[in-house]
Amino acid sequence: MNTSLILIIITTALVNNVVLSQFLGICSFLGVSKQIKASASLGAAVIFVITISSAVANLLYTFLLEPLHLDYLNTIVFILVIATLVQMVEMFLKKTSPAIYKALGIYLPLITTNCAVLGVALTNVQDGYGFVESVVAGFGTAVGYTIAIILLAGIRERIDESSVPAPFRGAPVVLLSAALMAIAFMGFGSLAL
Amino acid sequence: MNQYVERIYNGIVKENPCIILMLGMCPTLAVTTSAINGVGMGLSTLAVLIFSNLIISIMRNVIPDQVRLPAYIVIVASLVTIVDLIMQAYVPGLYSALGIYIPLIVVNCIILGRAEAYANKVTPDLAVFDGIGMGLGFTIALTVIGLAREFLGSGKAFGVQVLSEEVFTPIAIFGQAPGAFLIMAILIAILNGASISTAANDKVNGCDGCCATCAKTCDAQGKEETKA
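Chains as they are written, first to last, in our numbering: chain A, 1 to 193; chain B, 1001 to 1228.
It is possible that some hints are incorrect.
Quick look at which bits of chain B chain A covers, simulated, 3 or more residues with Cβ under 8 angstroms [stated by the list, open to error]:
#1 1059–1068
#2 1092–1104
#3 1172–1179
Keep in mind the hints are simulated off the structure, nothing from the lab.
The structure displayed is predicted, hence computed values, not measured ones.
Ideal Cβ placement from N, Cα and C applies to all residues, glycine included.
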């Protein structure tokens, strides 16, 4: 049991990295990776939201959608629940812990439309994960996202100080860095899991 | 020029959602492993886009401004569910190839973006043609990227072997995940080199205006940067 949970974390965080092999959450991956500090905050917010939302999505699916045979409605239900949940998390943090809110607050609205959140909820249902497995898979995915965005931010801080050929300035060099990272992450695929 | 034709030209060339506006990057990178997948993804997005633009335009005076985003999301999610079920029934092969990216059309920035930027301001007929133009622009871009990746990655085009392996050694990496980033990088570099302005460079600076909710984040980030 415990080993299978560790396997889920390694698979979701490294082998099937959400950004570099599943291409979810590309918008914020490219947009908020200019500085390591900002991308670490976004990563923390993503870990927080995805872990909670995969728990809630799993409970909803098991206790509401499945017993009522409404599982074809899961896309609609999940996106609405995620949007509401992010709003509630934002309000809750604002009231209870202003320090965390100050660090994560501006990134929370961005996460509503982050396709990684919905993607994880849907993949968990597809893979038939139970409650604990869903939460662990959500956590692992978000950790994978955080690793990827912090690494990219580190690369970009260095790129800023080097001279790049004119046509490649801006987006192309960022995408090239992402491509090289994706090649490196393909190496995890050969882990015999 | 006729305003309907103008809308379609605008979607395919002037404001191509995929190449110029850089919206919907996730499906663009994820499903373009082959030309067929590109066409399938493009057409399903096209279908959702036409009907979401139509419904949102018809209801533009009914939906209160404060709750417009949740309302749009419900409309789009219902349409996506319909497309999802239809594809599952009639094109099961394509459906399993596109997998999770079909339900994820809900969070595709193109759809909410067009609703917010265009469809909720104009009459239904113009909104429909805007949907057709944007959808076709997206389909064409995905097909071309898919074709390039399929050809470089396996020497095939639409599943047919064009160049045999003796003549052309396939560069397998283009068919895999890194190839998607690589192709996009080259494409944008070519556009940059030809001085065609795209939203790509704004995107990596954090403010692409892609999703309505990002605006708040962009403002806050801007303020922090001016402070620092």
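Checklist entry - Which of the numbered hints are not met once you compare them with the structure shown? => result Number 1 only.
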